[in-house]
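K.L.:
Put the two chains together into one complex; each comes in its own frame, and the hints tell you how they fit.
Going line by line, the protein sequences match chains A and B. The first sequence begins at 1 in our numbering and counts up one residue at a time. The second sequence begins at 1001 in our numbering and counts up one residue at a time.
Everything labelled a hint here was simulated from the structure, so no lab data went into it. Wrong hints could be hidden among the right ones.
No more than 20 Å apart at the CA atoms, straight line, and that leaves these computed lysine to any residue pairs for SDA-like [said to hold, decoys possible]:
{"id": "1", "chain 1": "A", "residue 1": "Lys-261", "chain 2": "B", "residue 2": "Ile-1139"}
{"id": "2", "chain 1": "B", "residue 1": "Lys-1131", "chain 2": "A", "residue 2": "Ile-15"}
{"id": "3", "chain 1": "A", "residue 1": "Lys-260", "chain 2": "B", "residue 2": "Gly-1136"}
{"id": "4", "chain 1": "A", "residue 1": "Lys-261", "chain 2": "A", "residue 2": "Met-152"}
{"id": "5", "chain 1": "A", "residue 1": "Lys-260", "chain 2": "B", "residue 2": "Leu-1137"}
{"id": "6", "chain 1": "B", "residue 1": "Lys-1266", "chain 2": "B", "residue 2": "Ile-1088"}
These figures come from a predicted structure and were not determined experimentally.
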Amino acid sequence: MTRFVAGRIGFYTLIAVLLAFFTIPLLWLATAPFTSDPTYEVRVPDFTFENFQMIIDHPYALWSLVNSLVLSIGTALLVVVLSALAAYALSRVRLPGRDALLYALLLLSSIITGTAAMVPLFQLAIELNLIDSHTGLILILSGGLLPAAIFMIKDFMDSTPKSYEESARVFGASPLQIVAHVVVPLVRPGLATIAVWTVANVWGNFLMPYLLLSDVEKQPAAVIMYTLYTEGGQANLKVLSTFGLLYSIPVVLMYLFVSKKYGFRFHGGIKR
Amino acid sequence: MAQVTSPPDPVKVVDDTTTARRRYSSDAAGLGRLRAGAFVAPALALIAVFLVFPALWVIYLGLMNYRLTGLAAADPQFVGLDNFLQAITDPNFWDSTWLTFQFVLGSAVIGQVVLGFTIAWMLRDWRGPLKRIVEGLVILAWILPSAVVSFLWVALLDRDSGTLNALLGIEGFAWLLDHPMLSIIIFNTWRGTAFSMMLYGAALGNVPPSHLESARLAGASGWQQLRDVVFPHIRGHILTNLLLISLWTFNDFSPFLLTAGGPDGKSEVLAVHVYKTALQSGDLGYGAAISTVILLINLVVAVFYLRLLRSKK
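Bound conformation, chain B alone (with noise of 0.2 Å):
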């Protein structure tokens, strides 16, 4: 009988041949595994030697008293927590840790994102060369070297002849010397907007235009329609952006090009602490310690933006 030669569960074959192709398709050149790790292990040894070593090797630093010149350069004694327990007693680790707050708190989380918001809700409409202007100026603060946009603020808040005090009409006013704070947190907002405001473009983008249009029929006015339709539907996008660029400026190294952390470490930050404590003083131990602390701080925001991602897809 035709059902007892024919195969005795069709959708079990059909099951079979799918699952052999993809197999045989996913690894469409046949590499082979041993192959693939051959392909794979080159920039795996780079990774290894120069990222995730450093990484582990930061923390037994941290517990050496490891100097750049001197005794113990030549011979580092394993001194345990010491390193540790000196920069938690430490009154200049907490003022650039409070300093380091500042920083993340007043450019990024207020500043670029406020900005960057604010630009990309003002120009969710337009088209052409005017909203082309804006964004090219916005992107090409980012772009530029920071060696040189840290240069052109140098020149802008200049004491004698800068640009700023021209402006305002004020004469003799040292913004660098006398806020230094201020200063670095105005230009890393200047600098790092453009990348909140693209975020936000592309996530206004996916606004429903519909849902916008019937809460301004309701009557719903300007901040209403932000509050009850736009930022419900973007919330994702602004958790991202805020994790993103907290982590960076955190670990922007770019306030030493403008101040070098002075005067009187009134702008070290901790990029700026570490550099400093480390490699000009030569405390390579301590400075260890502290990067090993940067380095905890970075494990915990990037963990919580992982699982973000994740719940995300």
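Next up, chain A with everything else stripped away, as it sits in the complex (with noise of 0.2 Å):
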């Protein structure tokens, strides 16, 4: 009996350690944002709004924020569109060489991440002149995430029922009528998998923008936070915890959305 209760204390204890471990960094981003003298100290905060206000202010601060969903949103939509189409056509027709070229896919989203391809990108971001360019890290972005979009697409694509593509054909439309009308319907969770996963994977993304954008219109909430609390002498508390709450929201919404509405699933496991 008392083995049994010192197992029990031990085990409550060992909860209690694992929450405080878990908890005490993420005390500092929910106190204070609301507390108008901020320190590094975590302190009960005062619920004052004027630090939102200061974020209003800032220069860069909102900006940041929209360039991070331009960027994220851009990516999510060329991966989701391009990674379907490929999957689909990789899914319904025996190409040549198609395993290989699914295996070979897998092996180099894995292998060649940003820290391993970060030199030969900067320099091909210059010569092809895509240095503090959207357009260009979009395309690099979305470079690195297709291979791992096409692979868990085509699981969603190998499940679902054929015959109402063969129902469509047989009523006259065209592949591209199937495609858009049929099949995307039929696969549409997985197309906002990929989509969560790839805003998630962006919008977090911090090597890629601090690398390729210097223009710091132009950069996202990563390298603005990292510049907050980094350059320029005594950090702002006020804007750098106010500013770390508002980037974070997002990540933590979709978070939610996506457990409650198809919980939490694991894909081949591939982040990059």
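P.N.:
Written out as structure tokens, the structure reads:
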């Protein structure tokens, strides 16, 4: 009996320690934005909203969130359209060398990371005149995310019934019409997954925009956040904390949306 | 006679119709190879230009004395394996490799795996809000943008008014300056445990409860149950988990956001080392040579992982 009690006490102590370990670093983000004079220390906030006013007045803060949005949506659109087309063709038509191609794609996407490819990508962006260009960055990010996206969406395509496409064909629909009006509605959950996955990836990506965008007006929130705490003497903690919170909220909302709607699923496990 | 007029080989006919139907139904929309190729081409073109080409070019760059500025920028020369030789004779490169090894071993192989498994194991029979809160917090640390969580840790570990020093009741202890490696290892453990926790959570769901039950009835202790019943069942998951998080941690750039490799290169893992030599000091050729080494290590781990996936199927 005492052993059982000791075990329970040990169990709950461990849970409490784990909870503390995962909570304490996050507390500052929850309190500092609402404190009128935040320091590094976590304190009970006095629930002011002045700091949000400072974000509105800040020359780059809000724009950087817009930039993040442009990059995320642009990449998500490109990745969803191109990966859906490619995955559909690969799922339905036995192209020569298909299996080798899929294997190569999976291999490539896991070995060519931002870290390994930063030097050539930087050079490539200079040569192609893609420095400081949102389009250029979207193309580069898409190239990196597409292999995993094709792989994931092909899974969805493989498991949808083909009878709808057959009947549509019997009624004389063209292949493109079939893809647009029959296949896309069927795999919509898959497309949504890819879109959210892409947005989450691009929204949090620091390295690529940091390398390729030097114009502060074009930089996304990840880079501005870093600039705010590394450059120019004393960091402005009001701006920093509030901006960090605003920049984090969309990610949390997206996670809640996905886990509510589809449940959190595992896909092959590729994260860049 | 009926037998003569009937199809010569009924079995074969059935076979033919099913393969015919399968062939027809597999290309249900009637794409044909040409249009299928056109569907695949745009994606492949982007992948070729922005993923495959850089990977090949990095090898070429590693053989040149490319620099960001100066004479070698305008007219780079072929230098063969000089960059690679320079790397293996450079103590900074070996320091960096050793630090990367510590980082991967400490934060991924030990930190994330042990913590992730512990949480999954402790919560395995739980339902309800407490489980959701614990899991939610662990996942939150994983999904927040790296620029944000890095700053949260800068605030936590601050020398003068950081929360950690306040909690421990010590003053003026500069974690990021005095123990930079320990800091980024604990940080990355905190950051990445969610993936292992979810993977082991799913894996433990596959261990038949009856096996655990009979082990318990036979008087096995908690540790014996783990060793003899649970681990043999989730061996594949453990290996998958180890390979993936090692690969990710090896390529992780977020230590840069926390310590920028400092002080004095004491936390300069290879990812940061490449950035500093190639893009800050401008030695692109040497940086490319180190990138090639990273690519090769990635390749070994990834091939190993894919073979594992295949053997499972």
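K.L.:
Do the alpha carbons of B:Lys-1266 and B:Ile-1088 lie within 20 Å of each other, as the hint requires?
P.N.:
Between B:Lys-1266 and B:Ile-1088 the Cα gap is close to 19 Å, so the pair holds against 20 Å.
K.L.:
What's the verdict on A:Lys-261 and B:Ile-1139, does the C-alpha distance respect the 20 Å limit or exceed it?
P.N.:
Within the cut-off at roughly 17 Å; holds.
K.L.:
Does the alpha-carbon distance linking A:Lys-261 and A:Met-152 stay inside the 20 Å limit?
P.N.:
Distance ~18 Å between A:Lys-261 and A:Met-152 Cα, so the pair holds.
K.L.:
Between B:Lys-1131 and A:Ile-15, does the CA-CA distance stay at or below 20 Å?
P.N.:
Holds, at about 10 Å.
K.L.:
Holds or violated: are the alpha carbons of A:Lys-260 and B:Gly-1136 at most 20 Å from each other?
P.N.:
Since the Cα atoms of A:Lys-260 and B:Gly-1136 sit roughly 13 Å apart, the hinted pair holds (cutoff 20 Å).
K.L.:
Holds or violated: are the alpha carbons of A:Lys-260 and B:Leu-1137 at most 20 Å from each other?
P.N.:
Roughly 16 Å separates the two Cα atoms, so the pair holds.
When each numbered hint is compared with the structure, no violation occurs for any of them.
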